[in-house]
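A.B. asks: Single-letter residue listing:
Protein chains: 2
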Amino acid sequence: MNVLVVGANGQVGKLLVNLLRDNKEHTVKAMVRKEEQADALKKMDIEVSVACLEQSVEDIAQAARGCNAIVFTAGSGRLTGYDKTLLIDLDGAVKTIEAAELIGIKRFIMVSAIQAHRRENWHEKMLPYYAAKYYADKMLEQSELTYTIIRPGGLLNEPGTGMITAADDIRSGKIPREDVANTIIQSLTEENTYYQSFDLVAGNVPIRKALTLL
Amino acid sequence: MNVLVVGANGQVGKLLVNLLRDNKEHTVKAMVRKEEQADALKKMDIEVSVACLEQSVEDIAQAARGCNAIVFTAGSGRLTGYDKTLLIDLDGAVKTIEAAELIGIKRFIMVSAIQAHRRENWHEKMLPYYAAKYYADKMLEQSELTYTIIRPGGLLNEPGTGMITAADDIRSGKIPREDVANTIIQSLTEENTYYQSFDLVAGNVPIRKALTLL
Numbered sequence: 529m530n531v532l533v534v535g536a537n538g539q540v541g542k543l544l545v546n547l548l549r550d551n552k553e554h555t556v557k558a559m560v561r562k563e564e565q566a567d568a569l570k571k572m573d574i575e576v577s578v579a580c581l582e583q584s585v586e587d588i589a590q591a592a593r594g595c596n597a598i599v600f601t602a603g604s605g606r607l608t609g610y611d612k613t614l615l616i617d618l619d620g621a622v623k624t625i626e627a628a629e630l631i632g633i634k635r636f637i638m639v640s641a642i643q644a645h646r647r648e649n650w651h652e653k654m655l656p657y658y659a660a661k662y663y664a665d666k667m668l669e670q671s672e673l674t675y676t677i678i679r680p681g682g683l684l685n686e687p688g689t690g691m692i693t694a695a696d697d698i699r700s701g702k703i704p705r706e707d708v709a710n711t712i713i714q715s716l717t718e719e720n721t722y723y724q725s726f727d728l729v730a731g732n733v734p735i736r737k738a739l740t741l742l
Numbered sequence: 529m530n531v532l533v534v535g536a537n538g539q540v541g542k543l544l545v546n547l548l549r550d551n552k553e554h555t556v557k558a559m560v561r562k563e564e565q566a567d568a569l570k571k572m573d574i575e576v577s578v579a580c581l582e583q584s585v586e587d588i589a590q591a592a593r594g595c596n597a598i599v600f601t602a603g604s605g606r607l608t609g610y611d612k613t614l615l616i617d618l619d620g621a622v623k624t625i626e627a628a629e630l631i632g633i634k635r636f637i638m639v640s641a642i643q644a645h646r647r648e649n650w651h652e653k654m655l656p657y658y659a660a661k662y663y664a665d666k667m668l669e670q671s672e673l674t675y676t677i678i679r680p681g682g683l684l685n686e687p688g689t690g691m692i693t694a695a696d697d698i699r700s701g702k703i704p705r706e707d708v709a710n711t712i713i714q715s716l717t718e719e720n721t722y723y724q725s726f727d728l729v730a731g732n733v734p735i736r737k738a739l740t741l742l
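For the record, the sequence lines run as chains F and W.
587 is the number that our numbering gives to position 59 of the first sequence; each next residue is one higher, with no gaps.
658 is the number that our numbering gives to position 130 of the second sequence; each next residue is one higher, with no gaps.
Please keep in mind that the hints were generated in silico from the structure rather than gathered at the bench.
Worth double-checking, as some hints may not be accurate.
Treat identical chains as interchangeable: a pair holds within one or across any two.
[As the list claims (entries may be wrong)] Here are the simulated DSSO-like pairs of lysine-lysine, each with C-alpha atoms no more than 30 Å apart in a straight line: (1) 666 to 634; (2) 702 to 666; (3) 737 to 562; (4) 552 to 571; (5) 737 to 653; (6) 552 to 653; (7) 571 to 737; (8) 737 to 702; (9) 562 to 552; (10) 666 to 552; (11) 653 to 666.
All values derive from a computational prediction rather than experimental measurement.
Based on the provided sequences and hints, a complete structural model is requested.
C.D. replies: Set out below in structure tokens:
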């Protein structure tokens with residue numbers, strides 16, 4: 529597939545675009561917000577489009593042209609206010625969904641957060657963030673897209689193991705970012721993940737097998 | 529109807545509970561967050577239940593017991609952060625919708641904001657607020673409830689005139705809070721407003737007539 533990675537300057541995003549660049553089955557286009565982010569990616573031989581999630585649906589659609597899959601792994605991060613949580617993590621995600629619908633991109637993978645689907649288990653100190661993710665996920669589930677919602681546990685920077693646990697309801701856990709990126713890539717064409725949402729933590733089943741067991 | 533007013537300590541909410549108390553067709557229960565707010569309302573001979581929109585769906589449902597309609601006119605206001613915009617204006621609204629579904633209350637009126645349904649017309653300085661209202665409204669439209677979404681223009685404290693303009697798409701305008709409260713009351717049993725969402729500003733058509741023309 530030709531995959532647009534939205535949030536390509538994030539920690540999962542950077543791993544993902546590098547893995548996709550080296551993957552023979554897929555090509556990648558990175559969407560980033562700033563020209564200097566674009567320059568850094570271009571130097572790594574990655575195609576880039578510059579667009580901001582606070583721009584219009586049409587602008588995001590323009591950035592996505594030529595792709596047939598979108599991975600949304602953007603986030604406003606911990607350094608900005610909750611206004612950006614609303615405008616990026618929620619509304620930016622939904623605008624990206626609408627952009628996909630606008631130009632007929634069917635395949636959409638959302639990177640969410642563990643237990644975002646269960647309000648009673650939202651992380652006490654991150655309630656507004658979880659609320660934003662919850663509604664972005666809801667809107668994707670109610671869209672016409674061929675979605676997969678991946679809800680990873682606490683993200684680690686250590687190397688991936690290729691071994692995961694994926695299930696509808698995992699109360700807590702952690703996972704290396706590299707394993708999240710590889711789970712996204714394996715999910716792109718794994719039909720068993722279509723219209724599925726799942727929690728994801730480190731485990732003892734190879735990624736491809738775990739996805740067929742969902 | 530026996531109407532639960534969520535946000536009864538707000539400016540529209542206060543007008544609404546007073547008008548409903550004096551209305552022969554309806555009875556009212558006011559939901560407020562603090563005991564001192566409850567005391568003030570009880571002195572005005574209004575039934576009150578104390579519950580906070582940051583509590584659980586079950587707590588809100590408990591507060592709504594005995595009612596057969598809910599009006600949501602709560603808002604976190606301008607003095608709190610955007611974390612509360614997410615947790616009250618959006619998630620609190622959706623928890624109230626879920627509470628209604630939980631105990632079988634079908635009739636639900638949401639007080640939204642003019643043009644909240646059109647992202648391109650959101651008020652530049654209030655984008656996060658509009659985003660929260662947009663998604664709360666979306667979730668209500670996708671619920672099983674008999675909803676009406678009323679999107680008033682700029683709210684005025686002057687006395688109502690009883691004359692409004694209500695339509696699917698009004699770009700801007702203002703309206704006295706008293707006319708908003710009376711439009712809510714007239715909508716409760718006006719079947720032509722069921723499953724409808726409309727902008728509302730001051731106008732030249734009597735409220736009841738305007739609602740039958742939607």
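A.B. asks: Check the structure against each numbered hint from earlier and tell me which ones fail, lowest number first.
C.D. replies: Of the numbered hints given earlier, those the structure breaks are 3, 5, 6, 7 and 10, listed in rising order.
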